[in-house]
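Protein chains: 4
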Amino acid sequence: MNVAIIGASGYTGLELIKLLVTHPKFNITYVANSTGDINVQDLHPCLKDVINIDVQKASAKEVAKVADLAFLALPHKTSMSFAKELLELNVKVVDLSADYRLELETYEKHYCAHEDKEHIKDSVYGLPEYYKEDIQSAKLIANPGCYPTASLLALLPFIEYIDTNAPIFIDAKSGVSGAGKNPSEATHFGQINENCHSYNPFKHRHMPEIQEKVRLLKNEEVSINFVPHLLPLTRGMLVSVYATLKEDIDVNEILQNTYKDSEFVRIREKPVDIKSTAGTNFCDIYAAKNANALFVSSSIDNLLRGASSQAVVNANLLCGYKEGEGIPKIAYVP
Amino acid sequence: MNVAIIGASGYTGLELIKLLVTHPKFNITYVANSTGDINVQDLHPCLKDVINIDVQKASAKEVAKVADLAFLALPHKTSMSFAKELLELNVKVVDLSADYRLELETYEKHYCAHEDKEHIKDSVYGLPEYYKEDIQSAKLIANPGCYPTASLLALLPFIEYIDTNAPIFIDAKSGVSGAGKNPSEATHFGQINENCHSYNPFKHRHMPEIQEKVRLLKNEEVSINFVPHLLPLTRGMLVSVYATLKEDIDVNEILQNTYKDSEFVRIREKPVDIKSTAGTNFCDIYAAKNANALFVSSSIDNLLRGASSQAVVNANLLCGYKEGEGIPKIAYVP
Amino acid sequence: MNVAIIGASGYTGLELIKLLVTHPKFNITYVANSTGDINVQDLHPCLKDVINIDVQKASAKEVAKVADLAFLALPHKTSMSFAKELLELNVKVVDLSADYRLELETYEKHYCAHEDKEHIKDSVYGLPEYYKEDIQSAKLIANPGCYPTASLLALLPFIEYIDTNAPIFIDAKSGVSGAGKNPSEATHFGQINENCHSYNPFKHRHMPEIQEKVRLLKNEEVSINFVPHLLPLTRGMLVSVYATLKEDIDVNEILQNTYKDSEFVRIREKPVDIKSTAGTNFCDIYAAKNANALFVSSSIDNLLRGASSQAVVNANLLCGYKEGEGIPKIAYVP
Amino acid sequence: MNVAIIGASGYTGLELIKLLVTHPKFNITYVANSTGDINVQDLHPCLKDVINIDVQKASAKEVAKVADLAFLALPHKTSMSFAKELLELNVKVVDLSADYRLELETYEKHYCAHEDKEHIKDSVYGLPEYYKEDIQSAKLIANPGCYPTASLLALLPFIEYIDTNAPIFIDAKSGVSGAGKNPSEATHFGQINENCHSYNPFKHRHMPEIQEKVRLLKNEEVSINFVPHLLPLTRGMLVSVYATLKEDIDVNEILQNTYKDSEFVRIREKPVDIKSTAGTNFCDIYAAKNANALFVSSSIDNLLRGASSQAVVNANLLCGYKEGEGIPKIAYVP
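Residue numbers (this note's numbering), protein chains in the order written: chain A, 1 to 334; chain B, 1 to 334; chain C, 1 to 334; chain D, 1 to 334.
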């Protein structure tokens with residue numbers, strides 16, 4: 001199947017290229033960014049002698065000529081205009097932005113006015129462990145955010161055992177690549193290195209995404225209190241969920257049962273770490289309890305399971321291929 | 001005043017030397033470790049041309065001959081035997097180990113049998129913001145653990161506004177120097193670098209220390225649920241406290257009021273970071289709330305405010321000097 | 001082809017497993033370390049759900065029953081005894097240690113007495129760009145050291161243009177994984193992080209290896225002056241070669257000509273960096289000159305091109321497969 | 001003595017503030033950057049509760065009203081216009097930029113047209129080990145570049161024993177703070193972390209500075225071939241000098257003799273590292289030889305010995321204070 005990548009300049013665009021260039025079923029026929037007029041090897045020097053293709057100035061019409069499926073690795077708002085046009089041209093879309101992840105009201109409250117309202121209802125939230133069947137028949141996938149992916153996979157198995165009147169706290173820790181490739185004060189080496197801090201406590205846009213998905217999947221209105229932190233490392237994410245249990249449970253049994261058929265979730269008996277999932281699509285999960293206090297810790301590669309490899313898993317499912325086709329399991333260790 | 005440092009080989013011993021060699025009131029007359037027979041410049045090459053003193057094999061009797069005050073930077077259990085002997089020889093003691101931090105029962109449950117029970121009652125917990133007067137008249141200071149220092153300074157101001165029936169969660173993040181100078185799998189560069197994980201969730205020995213001090217200071221039996229994490233950086237600590245509020249409060253006003261006279265606590269209006277306190281005795285604190293969810297974030301240098309500079313502050317107070325005498329405020333930035 | 005990995009506990013053993021588990025031609029039938037009695041997933045937790053095989057206590061006889069080719073990722077001296085026995089049992093060997101890399105006299109001067117002298121002459125130095133034909137018909141490959149790989153690939157193209165009476169300087173910089181997985185003072189995070197230093201200047205054992213190979217390949221007795229440095233990063237290596245030119249040359253043309261048929265050498269027009277080769281078998285090379293001063297900079301992944309992936313390339317050639325079969329080209333970027 | 005700091009926003013400006021706020025002789029009366037209208041605690045949050053002063057929009061006339069000495073931590077070209085005006089107003093100047101470091105011709109070839117030619121001849125190159133007397137009577141100090149400081153202190157003792165017809169190679173490695181505080185692709189965490197590369201090989205502007213000073217101090221025209229590299233760490237610098245000896249020498253004896261009276265040079269018997277000098281004004285030096293090959297390795301804190309603390313040493317000397325007054329010797333270890 002011929003595929004296009006729109007938004008090739010950023011980290012998630014690069015990860016898509018890296019995944020798709022070795023994928024046994026997908027064939028990259030079109031790569032674009034906002035300017036075009038550059039070879040992909042000049043955009044990403046690590047791709048020298050790996051793939052040789054010219055990067056175009058993004059055009060939905062050109063995509064439709066050469067590809068049946070497009071991955072959009074674009075900022076929100078930019079993404080919806082491409083998605084709309086591509087869908088109307090019968091190109092399937094896996095959208096890595098936030099544009100189709102949320103119900104309209106939630107989206108417009110936390111992002112901006114939506115300009116493609118009609119396709120929101122067609123979109124499927126691309127968390128394969130919970131929406132696999134819908135994904136298989138979708139035309140538009142809203143690929144989840146990195147924090148919601150790690151948070152939901154950790155939290156969802158326990159919702160029915162949690163006192164949902166009490167606040168649920170999520171202390172999330174992300175590598176700096178989550179902040180993107182553009183230089184800024186926040187990504188300056190001198191600012192990040194040997195440092196750690198929270199940012200946007202209780203105000204990050206992934207907080208309503210987690211809250212909404214818990215409601216839709218579990219029919220529970222929970223109070224998600226989300227505090228992200230930046231770690232002095234490039235890739236990877238660790239999410240610590242803290243909640244109040246309303247009954248005594250075997251946390252491991254619950255995890256094992258929930259994910260016994262999930263190829264890309266590994267239940268761990270020791271606390272999870274970032275390195276064991278870096279470079280892979282795995283989500284590792286560990287849980288512990290102390291009286292009525294619950295701790296669930298999950299680890300993902302923020303650029304892969306939190307973005308690009310989950311997007312390719314979704315594309316696999318949508319195209320009828322095996323979930324794990326071309327999906328990396330070999331971690332960047334050491 | 002002549003002082004001794006016992007336990008000069010480790011990180012906190014080195015920090016004590018660095019602080020005391022430039023201190024205007026204290027004069028280092030004795031430095032010891034478990035073996036002796038080495039110059040301090042060979043033990044710590046960074047001290048070349050800074051201080052020239054022979055490191056002795058530790059002996060309480062020798063200390064008593066040349067010093068009025070001893071800093072013990074020793075492992076727990078080793079520390080109590082020296083402290084006992086020094087106190088009997090009329091040498092004042094600032095003990096950086098856990099040996100006198102806890103009530104007997106708590107100590108023996110979490111550490112080992114105590115061999116100097118009689119001095120436990122004489123010891124003062126060296127958290128100056130809460131025990132200043134007791135410290136000023138003490139002969140034996142139990143210097144707090146690093147995690148309890150950052151956790152208590154963040155949590156204590158809010159205890160009366162917190163629903164103490166709900167679990168309090170503390171997600172703590174420490175630099176690797178907290179694990180000491182001895183090589184181990186846990187401190188191997190290849191294990192720590194580009195990585196992050198929790199360890200001993202709900203089982204760290206600093207958890208009962210926090211719980212006990214809240215009870216003693218606030219007369220509240222709280223449920224502290226403590227999960228420490230290792231950060232890929234050398235020095236510094238960030239502690240995130242999560243609790244359930246029972247009333248609507250102005251979090252900043254409470255912090256400002258609590259610490260308005262505290263020279264070494266800085267209330268921040270933006271989330272605190274590790275770098276701004278690294279190299280100093282400051283504890284920076286930030287708080288935010290979301291409905292009934294409370295988030296308090298504190299940052300300290302784990303080796304200074306969490307150990308050695310707090311020990312020197314305690315020594316200052318105990319000797320009648322100014323709290324800030326010789327205490328660093330200039331951070332390792334950038 | 002069925003293959004064995006002996007020495008599975010260390011970093012290069014892990015890399016071999018990671019490479020071979022996804023290799024289209026090789027089938028891992030035997031994995032061993034010095035103790036055995038453990039599953040490979042417990043030895044390397046990142047391999048959970050990737051490969052499920054018991055790790056044996058190493059035995060050459062057992063290897064011979066189940067494999068035609070063995071990779072030895074063992075310390076020098078240990079390696080030669082296994083190699084000897086395996087060769088006598090008709091198992092082909094790719095040895096990652098130093099045991100067969102050098103002429104007997106050089107080896108015994110810099111390492112120890114050799115206990116398998118007869119196989120030294122059969123061994124082929126596994127630097128594919130210079131020994132491809134010999135490798136294709138070999139039974140015993142001496143896989144080059146990491147520093148010699150990067151140094152020789154950078155230096156060899158220029159030997160005939162260099163004033164070999166003048167000293168050649170090699171300033172090499174390696175990630176910490178080169179020091180292995182065992183904890184030591186030298187690999188302690190607190191020692192490496194935010195630090196850099198040289199070690200064993202002019203005394204590293206890879207210096208005679210480089211010198212010998214230049215003599216054998218170019219018939220020139222050169223003065224190699226090698227100074228390795230440790231970088232505060234986990235994987236990768238950058239080598240800077242400095243030499244005196246005896247004539248005016250086009251450095252790029254020479255590099256392009258030398259490596260025009262080399263699948264895994266990339267000539268760069270800008271200074272090479274470590275990240276672009278990390279995770280791959282590529283060696284990137286850049287050169288510049290200033291009057292008669294020559295600078296050549298090469299970058300490799302020390303664990304892959306400097307050890308395990310080069311070993312698999314050698315195995316590919318030795319077995320008649322394509323050089324690049326199953327060999328990674330996708331870098332760990334970002 | 002009242003002093004001004006112009007250029008307070010960058011790293012070297014911050015370091016000047018940190019040094020001068022605790023200096024026993026200097027009193028900061030004026031702090032400026034290019035915009036003004038901000039408190040220094042908002043510019044550098046780590047200075048909260050350390051110093052409370054408004055940052056002005058830089059004006060030489062205002063400086064002259066309140067200070068006798070000004071430190072200029074400005075970009076080249078900007079610096080010369082302030083220096084000129086300040087000198088005419090009888091304010092002494094320690095200039096951290098390149099503007100007065102070089103002879104006119106060299107300067108204009110490598111930087112830009114000079115707009116204060118008359119003061120070039122009055123300036124003294126502020127490398128105290130070699131220009132102490134001139135500094136003591138100067139009105140204008142040209143503070144050396146970071147690379148030249150570490151390179152010259154390592155190289156100068158050996159010039160008379162070196163074959164100056166052969167190229168001298170300097171492989172320099174700098175922490176990222178040397179690239180300044182402004183965000184750029186080159187200082188993005190994702191670009192620097194786990195990476196290392198050379199930049200501007202043979203083309204860095206510090207190369208002619210080193211070459212000129214060797215000529216002026218030793219009356220030798222040498223061929224300096226300088227290749228800087230970026231290290232994945234924030235502060236510190238390691239310089240490796242490689243040269244050809246023309247006679248057999250005792251490298252340690254030469255170093256010991258050269259620097260026997262130098263308070264801030266430490267000769268090391270083991271290879272120097274970055275951490276032992278970070279946070280201090282020390283330059284550590286180690287040397288080794290191999291036949292006629294010489295290796296000299298020096299380590300400094302690029303922001304202190306390579307900029308701000310050397311500037312304060314120069315100010316001490318210029319004002320008749322002791323060289324080491326208020327100058328840090330306690331390293332950032334661990």
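Please note that the accuracy of each hint is not assured.
Unchecked claim - Okay, the calculated beta carbon distance ranges per label pair:
id, chain 1, residue 1, chain 2, residue 2, range
1, B, E325, D, M1, 44 to 52 Å
2, B, K203, A, D250, 14 to 22 Å
3, A, K139, D, E185, 36 to 44 Å
Because the hints were derived from the structure by calculation, they are not lab data. By construction, the Cβ of each residue, glycine as well, lies at the ideal position given by its N, Cα and C atoms.
Now for the hints, and whether the structure bears them out:
The supplied range of 44 to 52 Å is broken by E325 (chain B) and M1 (chain D), whose beta-carbon atoms lie about 25 Å from each other. Our hint of 14 to 22 Å for K203 (chain B) and D250 (chain A) holds, since their Cβ atoms are close to 18 Å apart. About 37 Å separates the C-beta atoms of K139 (chain A) and E185 (chain D), a value consistent with the hinted range of 36 to 44 Å.
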